[in-house]
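Engineer: Here are the chains, one letter per residue:
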Amino acid sequence: MSVHDYLYYIILPVLALSALLIFIRFIMGPSLSDRVVSLDLLITTGIGMIAIYSIVTDQPTFLDIAMILALIAFLGTVAFAYYIEKRKRK
Amino acid sequence: MINYIIIFLATFGAAFVLLAAVGILRMPDLYLRISVTTKAATLGIGLILICVAVYFGKAPIATRALAIIFFLLLTAPVGAHLIGRSSYFVNTPLWKNSVMDDLKGKYSESSEGSSSEESDGAIHKAEDDEDGHPPKNKPTGSA
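Protein chains in written order, with the working numbering: chain A, -18 to 71; chain B, 3 to 145.
What the hints contain is simulated information worked out from the structure, not anything from laboratory work.
It is possible that some hints are incorrect.
What the hints assert, rightly or not - Footprint (simulated), chain A over chain B, 3 or more residues, beta carbon under 8 Å: (1) 5 to 13; (2) 30 to 38; (3) 43 to 49; (4) 63 to 77.
As the list claims (entries may be wrong) - Taking lysine-lysine pairs in the DSBU-like style, the calculated list, with each CA pair at most 30 Å apart, reads: (5) Lys106/B x Lys67/A; (6) Lys108/B x Lys41/B; (7) Lys98/B x Lys108/B; (8) Lys98/B x Lys67/A; (9) Lys98/B x Lys41/B; (10) Lys41/B x Lys67/A; (11) Lys106/B x Lys60/B; (12) Lys108/B x Lys67/A; (13) Lys41/B x Lys60/B.
As the list claims (entries may be wrong) - Label pairs and their in silico Cβ distance ranges: (14) Arg28/B x Tyr(-13)/A: 41 to 49 Å; (15) Asn99/B x Asp(-14)/A: 44 to 52 Å; (16) Val24/B x Ile49/A: 22 to 30 Å; (17) Tyr6/B x Ile49/A: 26 to 34 Å; (18) Phe72/B x Thr38/A: 22 to 30 Å; (19) Lys98/B x Ser(-17)/A: 45 to 53 Å; (20) Val37/A x Phe14/B: 13 to 21 Å.
A virtual CB, placed ideally from N, CA and C, is assigned to each residue, including glycine.
Generate the whole structure from the sequences, applying the supplied hints.
Structural biologist: Here you go:
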């Protein structure tokens, strides 16, 4: 069993399972903040998936997309925090 | 030899991400979920990205992976603090078995003191302020 097989058949399904669990919290989440936090974690898991996938396919270019995703996740969290606070004011 | 390092790093990274997923599903409270998100997931993704850097073994790609790790380490605490702060302001409830709440009663005036109009929120917070905690220094019913 080579490294590629190990990553493809064990690590990627584990990451997919964790994304599924996070998505359950994303659906259930009692408040909007829970959904924002689980969305952030979902994107972070996606960064991990992209990193593993760049090993499996030997394409290091995918890491650029991972960097952009990290940026967008941070911006989304900040914007959601701002608007959660704003929404309460009125 | 390098294969074992890659397998080790990827296994622990995926295990930490899985633990973060179980934690965000099972934790009873928003703030505990934020804690899980910002610790375990960051460590797991960092391990996975180090694994990528070890696998490719070239300087540009390793730099890229380390830049992503640096960016995650920089933004995860900031984002977690922001979302926790604004959720505390909108009165997201704590877990019923929480031992202490250090901020209780400290935000009885407007949210962070910068807003000029704060009509019903200030009064509502001033009401649940009266169970033992005096308001801070400004009068709460200023609106």
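Engineer: Hint by hint, say whether it matches the structure.
Structural biologist: Status of each hint after checking the structure:
{"no.": "1", "hint": "5 to 13", "result": "holds (count 5)"}
{"no.": "2", "hint": "30 to 38", "result": "holds (count 3)"}
{"no.": "3", "hint": "43 to 49", "result": "holds (count 4)"}
{"no.": "4", "hint": "63 to 77", "result": "holds (count 8)"}
{"no.": "5", "hint": "Lys106/B x Lys67/A", "result": "holds (21 Å)"}
{"no.": "6", "hint": "Lys108/B x Lys41/B", "result": "holds (27 Å)"}
{"no.": "7", "hint": "Lys98/B x Lys108/B", "result": "holds (20 Å)"}
{"no.": "8", "hint": "Lys98/B x Lys67/A", "result": "holds (27 Å)"}
{"no.": "9", "hint": "Lys98/B x Lys41/B", "result": "holds (23 Å)"}
{"no.": "10", "hint": "Lys41/B x Lys67/A", "result": "holds (27 Å)"}
{"no.": "11", "hint": "Lys106/B x Lys60/B", "result": "violated (52 Å)"}
{"no.": "12", "hint": "Lys108/B x Lys67/A", "result": "holds (19 Å)"}
{"no.": "13", "hint": "Lys41/B x Lys60/B", "result": "holds (28 Å)"}
{"no.": "14", "hint": "Arg28/B x Tyr(-13)/A: 41 to 49 Å", "result": "violated (28 Å)"}
{"no.": "15", "hint": "Asn99/B x Asp(-14)/A: 44 to 52 Å", "result": "holds (45 Å)"}
{"no.": "16", "hint": "Val24/B x Ile49/A: 22 to 30 Å", "result": "holds (28 Å)"}
{"no.": "17", "hint": "Tyr6/B x Ile49/A: 26 to 34 Å", "result": "holds (32 Å)"}
{"no.": "18", "hint": "Phe72/B x Thr38/A: 22 to 30 Å", "result": "holds (25 Å)"}
{"no.": "19", "hint": "Lys98/B x Ser(-17)/A: 45 to 53 Å", "result": "holds (50 Å)"}
{"no.": "20", "hint": "Val37/A x Phe14/B: 13 to 21 Å", "result": "holds (18 Å)"}
Consistency with the previously given hints fails for numbers 11 and 14, ordered from lowest to highest.
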